[in-house]
Every structure is written in structure tokens, then in C-alpha cells.
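Student: First to last, the sequence lines map onto chains A and B.
Note that my numbering has the first sequence beginning at 1, numbered continuously upward.
Note that my numbering has the second sequence beginning at 1001, numbered continuously upward.
Quick caveat, the hints were computed from the structure, so don't treat them as lab data.
None of the values given here were measured: they were computed from a predicted structure.
A hint or two may mislead.
[Claimed, not checked] Covered stretches of chain B (in silico footprint by chain A; criterion: 3 or more residues with CB under 8 Å from a CB of chain A, positions within the stretch not fixed):
| no. | region |
| --- | --- |
| 1 | 1011-1025 |
| 2 | 1043-1052 |
| 3 | 1073-1087 |
| 4 | 1097-1106 |
Every residue, glycine too, gets a C-beta built ideally from N, C-alpha and C.
Chain residues, written in single-letter form:
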Amino acid sequence: MNLLNHTPILIIAIPLLAAFLLPVIGRINKKTTGIFTTFVLSISLILTILLTVKILSVGPQVYVFGAKSPALTLPSGLKFPIRIMFQIDAMSIFMGLITAVISFVGAIYSLTFMEQHSGLDKYYSLLLLLTVGIFGIEFTGDMFNFFVFLEIASIAAVALISFRGVNLGEPVEAGFKYMVVSSIAALIVLFAVGIFYGKYDLLNFAALASVIKYSQLDKIALGLLVPVLAMKAGAVPMHMWTPDAYSEAPAPITIILVSASQASLYALFRVTFSLYNITLNTLSVGWIIIILGLLSMFIGVTMAIIQKDIKRLIAYNAISQTGYMLLGVGVGLAVLANPVALSKYGITAMEGGIFHIINHAMYEGLLFLTAGALFFRTGTRDLDKMGGLAHSMKYTTIFFIIGAAAISGLPPFNGFASKLLIYESVYRFNPLLSIIAMLVSILTLASFVKVFHSAFLGPKLPKFKEVREVPRSMVWAMVVLSCITIFFGLFPDLIVKNLVHPAVMALIEQFKYTGTVLGGI
Amino acid sequence: MLGLLETGSGFWSAIIWVIVVLVIGGIVYYIRNKGEKSYKKNTEQDKPFISGNPELSKEGSHISASHIFWGFTEALKDYYAPLVKTHTGNINDYASWIVILMVIILIIVGVNG
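From just these sequences and the hints, can you work out the full model?
Tutor: Structure below.
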């Protein structure tokens, strides 16, 4: 048996098995739980990289559960697939790569960040389950399976957001709020799945895409899926859970939550592009996504400027950055049925939006980790109580500068490259949208100048006399994200050409998506 | 060329940008070194000029986050007041926004196709 043929399932099965093994390991030696988790996630990362190489060189991969061969999508005599399957194309693996890197970095950071907490076996089990849920959302080719993984990720996330303890009100409240919005989202997704199953007797994404008619029922399903997936991605005006959850979760969990939100964004793009594609009125649905993007960009950043809690400030900026992704991909969707506009600027706009997803995961993750480092040493997230920390936390200061410059779209960092693609292409669609996007970048910089001045600059405050740099594992986690942020900024062409462009084409070319499962390519 | 990103309307190269910044930085550093040489560290020249007023302690002079961009938020208070008011922190309101947006999208999709 060639194990490499089973890479798609191994990426998920190994952390899933490890999640249930961890409580047993915790009984024997509590301290090894973190190292074991990091080891497991490093295997997932290596397997994801191997699968990325395979997909980019060979093409999309299908993994059918319970079939004689993992590639057997249509058993003889059947026109449509009946088994659950993973369908991983360039877009899915692009997202999977982000999840693999971020969860691995989160585990490294947790080694010392969470050291003082009790119940670490549960913490790492939940971390692995959250990662499994996100991977599943990104890899699945089945509607109901998508709902199941959405639930796994949400339940694990609720527990992790509340993890800092029942004695503190805020984490529990944030966890409760996340539980309510996630339950609403899951129920509505399930309702939409029911509509598809009732109408077409199908649950497979590709099979559904091949028969979807855009009837009234299909329109209702779309009208249900778009807002809830946008809400899970943190789009305004349904963003309010985001600052609560992101700020109260432990920093390494916050970065994985960012990845979870991006998985919902991926699902939104998968539904609109791969499932409906040009059967829907691309212009009106494209504009819905563009407007959600504009609202997220502007309201997110203006709310960030007035925050005093460092993690809430970064969380509002995360909402704002999600707006860029919605804007870029929304423009691509708006011109999807217009081949001239699509080739002139639509594809570039989508490349900007999709490239921004990976950039955002890296610099936003870095910023949340620096906020975690400040909290780890000062015990507060209140910017009013901080000051002069650059004197004693030099590495953290440098990492913060890199993250802040990248999110503000300053060259030569990665945020600039993806934003430039968005500005220039979106300008050709509608100049006003591009101007607003640039204004938002300026406001983003302003919000991070505020953090930099109040937390890092100024004289060394007497109350922080004893503060020193964070432990090595936390520094290394930030080093990884900083290096990726700089590398993507210096060589954006490598990433766009090898990862982003194939991902964009995987979304646009619906016939390839359906053909992978149903044959014909 | 490695690092050259085609944007559809032009190109971007971070490598060239870094080289240009280093060259300009070198020129600036050279001009700076040609400047005033009478500056002496740890003398009266180091003290800030505040019109003869006594200097505040360094700890007392740090401007905290709440005071940064005060003018900006004050000028935009008509924008901020309703915006902050909508962020109630109440989970019922969170759910309401989902329902409101869902209705809007269903109407748009239903009417426009």
C-alpha cells in the first residue's frame, strides 16, 4: 500500500487520532502533551506540503471514503457519486497550507504561553480538533460533510475561547456568543443542505454544480449560505462576535480562529464560484460581496482606531482586512460572466483577494502573537497601561513593526503586494472602490501607530522594570511568521504564480471542478 | 526577473524598492554627516526646549492610547456615536443582524436573479 495515496485523509486522521490519544498521554506525563501536539502538527504540515506539490504538478486529487480505490468516484453503473469524498484542488490546498502553518505555529507558541495553565491535555486535544475541523471544511467535497466539519471546528473553538477559566467572566461570555452565532450558522447551513438534497437528491459539491439550475429554491439556498458564511468570516455588519472571540481566546488560539474564519470565507467562494458559477446573476451577487467587503474594510478600521484593548484593536483590523479579500474576489465574481473584463482585471482582482488571504493569515497571526507576548509579560491588554516596552522586549518590538507594516500595506512587506494587485485591478472596475481601499490602508497604519506609540515607545515605566523578552518558543513562533511575511513580500511573484493563480483558476473553471469527480477532464 | 510581480497595469519589484531605499538612505546618511559638528551629547544641548517651563518626568510625559487621535475621533463624533451604539455586546443584536442581512440578500437575489 502506497501511503502517499492516502495523504488527504492522513492530514486529518493523524491529528484526529492524536486528539483522542492526548488525554491518555496527559495522564502519563502532562508536560509532553504540547510537544506531542507540535510533533503531530509538524507531520500534518509536511503531508500538506507534499500534497501541495502533488496537486500543483499532477492536478486535483479526490479521496473517496470506503471505496475500493480512493480515486474511484463513480462505482460502475452510477451517474453520480454516493460516497463521502475529499476533493482537493489548488484552492483547497492553498487554504490547507495556511491552516497547516498556522496551527503548527500556534502549537509552538503554546508550549510556553500555556505552560502555567491547568488542563493542558484538554487544551491540546481541542486545538487538534479545531485544526481537524478547519482542514475538513477546506478539503471536503460533500455538503453534509462540510456541515459536520463546521460543527467540529465551532465546538472546539467555543471551548478554546472560554479556556482561560470559568472564574473570568469575559472568556466564558465570548465563548457563549461564539456558540450562539456558530449554532445559527450551522443550522442555516444544514437548512440549505436540506434544500439541495430535497431538490436534487445529491450532497456532492461537484455533482450538485453539474445540475444546479438556479431555480427559486436554489436562490433561497444561496440567500441562506452567503450571509452565514460571510458572518463566520467576520464580515460587517455580522462581525460583532469577532472582537469578543479573538480578544478573549489565548493568543495561539486566536491565530487558528483567524484561519477558521478564512475557511468560512473559502466556503463562501466555493459556493458562489464552484457550485453556482455563472448560473447565478454574477453582477448582483458580486456586488453583494463587494458591499460586504467595503463595509468590513471601513467600519472595521474605524472601530479599530478607537480601541484601547490591543487584541480588540487587532481583531477589528482583521475584520477590515477580510474586507479586502471580499472586495477582490467580489469584483472577480461580478465580471465572471464577462470574459473580456475577467481576463483584463477580474483574474488579477481575484489574485489580489486570494493572495491577501495567505498574507493576512501570516501578518495577522504575527500581530496577535506579539499582543500575546505583551500580555504574557505585562498581564494586561489595556494599551493605556502600557508604555516603553521596546526597551525590554526588543524582539517582540521588531516582530510588531514587521506585522504592522505588512497589515498597513507598506512596501516591501507582503500586505503591499496583495493590496497593490487589488488597488490596480479594482480601479478598472470602479475607481471609487480602489480609493476607499487605499484610504482604509492609511487608517490601518494610523491604528497601528497608536499601538506602537502607546505600548512600545516612551520611557521605561517603573511598573515594567522587571519585564523581559518572552521565552524562546514564543520568539521562534513569531520568527516563522515574520520570515514568511518578509519572503512573501520580497518574492510575491513566486507565490502568485505557483500558489495563488492556480487557486484562482480552480475557482473560476467550474468544469474542471465537476470534471474531477464526474469525469470528462 | 525574480521578484517582479505583474499587476495588470504595471509591475512591482520589492527587490528594486529595497535597493532604491538603501541608495537613498546612504545619500541621506552622507548628507547628515556633513552637517553641524558642534553637538555634544549629555550637555544642555540634549534638553528639550519648552519655553522655559520645567521639564516633566519621563514617566509622566508618556501619552497613553486614549489620548492618541483624540482630535480625529472628536471631529468624527457624529459618525462614531451611532456606530459605537450598534456595538451593544448583546447576543440578541448579533443574531438580529444576521437575520436582517439574510432578508436583504434574499430580496436582492429573488428580485434581481
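Student: Hint by hint, work out which the structure violates, then give me just those numbers in ascending order.
Tutor: Number 2 only.
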